[in-house]
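> First to last, the protein sequences are chains A and B. The first sequence begins at 499 in the numbering used here and counts up one residue at a time. The second sequence begins at 61 in the numbering used here and counts up one residue at a time.
Bear in mind the hints are in silico, worked out from the structure with no lab data behind them. Just so you know, these numbers come straight off a predicted model, no measurement behind them. A portion of the hints provided could be inaccurate.
[As the list claims (entries may be wrong)] Listed below are several chain A residues computed to face chain B (Cβ distance under 8 Å; list not exhaustive):
#, residue
1, T502
2, H567
3, L596
4, S608
5, G630
6, V642
The beta carbon of each residue, even a glycine, is placed where N, CA and C say it ideally should be.
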Amino acid sequence: MSITVSLQVNGRNVSETLEPQTLLVDFLRNHLRLTGTHVGCDTSQCGACVVHVDGLAVKSCTLLAAQAHGTQVTTIEGLETEGRLHPVQEAFRSEHGLQCGFCTPGMIMSAVALLRRNPTPTEAQVREGLEGNICRCTGYHNIVKAILTASTHMPAQSAQASRS
Amino acid sequence: MKPAAFDYHRADNLQHACELLSSSGDDSKILAGGQTLIAMMNFRLARPKVLIDVSNIADGNQVLDEDGGIRIRATTVQRFVENSESVQQRFPLLCHAIEHVAHFQIRNKGTIGGNLVNADPASELPAMSLAFDAEFDIISVAGRRTVSASEFFVTYYTTVVAPNEVLSSIRFAEPPKNSGWGFHEVARRAGDYALAGSSAIVTLDAAGKCTRARIALFGVAATPVRATAAEDVLIGEAYSEDLLKASARSVQSILDPESDVHVTADYRRSVAEVLTVRALNDAFRRAKAVQ
Numbered sequence: 499m500s501i502t503v504s505l506q507v508n509g510r511n512v513s514e515t516l517e518p519q520t521l522l523v524d525f526l527r528n529h530l531r532l533t534g535t536h537v538g539c540d541t542s543q544c545g546a547c548v549v550h551v552d553g554l555a556v557k558s559c560t561l562l563a564a565q566a567h568g569t570q571v572t573t574i575e576g577l578e579t580e581g582r583l584h585p586v587q588e589a590f591r592s593e594h595g596l597q598c599g600f601c602t603p604g605m606i607m608s609a610v611a612l613l614r615r616n617p618t619p620t621e622a623q624v625r626e627g628l629e630g631n632i633c634r635c636t637g638y639h640n641i642v643k644a645i646l647t648a649s650t651h652m653p654a655q656s657a658q659a660s661r662s
Numbered sequence: 061m062k063p064a065a066f067d068y069h070r071a072d073n074l075q076h077a078c079e080l081l082s083s084s085g086d087d088s089k090i091l092a093g094g095q096t097l098i099a100m101m102n103f104r105l106a107r108p109k110v111l112i113d114v115s116n117i118a119d120g121n122q123v124l125d126e127d128g129g130i131r132i133r134a135t136t137v138q139r140f141v142e143n144s145e146s147v148q149q150r151f152p153l154l155c156h157a158i159e160h161v162a163h164f165q166i167r168n169k170g171t172i173g174g175n176l177v178n179a180d181p182a183s184e185l186p187a188m189s190l191a192f193d194a195e196f197d198i199i200s201v202a203g204r205r206t207v208s209a210s211e212f213f214v215t216y217y218t219t220v221v222a223p224n225e226v227l228s229s230i231r232f233a234e235p236p237k238n239s240g241w242g243f244h245e246v247a248r249r250a251g252d253y254a255l256a257g258s259s260a261i262v263t264l265d266a267a268g269k270c271t272r273a274r275i276a277l278f279g280v281a282a283t284p285v286r287a288t289a290a291e292d293v294l295i296g297e298a299y300s301e302d303l304l305k306a307s308a309r310s311v312q313s314i315l316d317p318e319s320d321v322h323v324t325a326d327y328r329r330s331v332a333e334v335l336t337v338r339a340l341n342d343a344f345r346r347a348k349a350v351q
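All chains should be built: construct the whole structure from the sequences, respecting the hints.
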């Protein structure tokens, strides 16, 4: 069986014929070659695959591409504007919020959702907001620092409170 | 491909899902959020032949205020319920419990109905359905029936929902005024299923005596457990440490937990008692505060 899935990815309209068992993360990586989104555990434990679907952070390894039909998906590649890094990406760079980098895309997508909901989080709130993301280098200290730094640099528009 | 091949149907609404279920054979499954099912399919522990997707039906997220309770549409994602002001005000225990379900990214997709029908006894929501005297509205092409929480759970991952039926909504009854709540669980990591957990709601009269109690446990048996014997110990009594201990002690005797790779059955039984004391302590404290 094959099905047609139409959605918007990073602002671009995409329509593809797929086998229904195609996971959203595989659709993004293998069909669209958006390999910034990583697959860690395949069971929604690790958070490396976090993307936004209609503005909400979700784990794309436990979502069928078919379930994203008709939605707007944002991946790590969709965060920059006109070649400028998103403030959270910039803060991960400046604060060295990564070691091997495998968890980074998911960490950043979760952090963007966290800051949308709560533009000025405390350190404890940041740590709590990252409970769905695992860094096997255990580089949490700088990740938290990066998100706190980003929270002071977010333009008003992207820091707009929402319930993601 | 991680999951085995299956046929996929997108349902327009729950009635449509019932029609698709009745025409597609016994090996078909409803796909709600998929936050357990897809993970199981990735491991090929589940290999349904047909998936009927209700994850994007119109008005899928619905929390309706009713007299004496709330009705939550089965397809409502957990995060939506957690963020509902009405639930926060009227059912703070339910909100608190949902915050313990997995991670927020999973709750953005995982549904209330999916969690309940999956019936993992270590999950928080099945126990909540017992604590709030929930009623389950179940539909099929043949009609509709209502089942109470005390009858809904059969054993591990098994409910009374038949292969041709769909859970449509769940009604949670609001506890009386002058009630307080408590909730405690032990899990190895934030977001993990509980190794054991206990929740309590107590209602006090003007003299501080308990007139009504609910104690619901999870992670301690093949289904969530309502500890009515422990509740009975409290009725007509005012708060004392000994009372709470006596109530919680009676929890131990009714539990039948399993040992697994994480902890022993004895550990679960013992922790369930301790957590029940803590949940009752919080519940009495909160009930006194609203008096």
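> In ascending order, which of the hints set out earlier in this document are inconsistent with the structure?
Hints 1, 3, 6 contradicted; others consistent.
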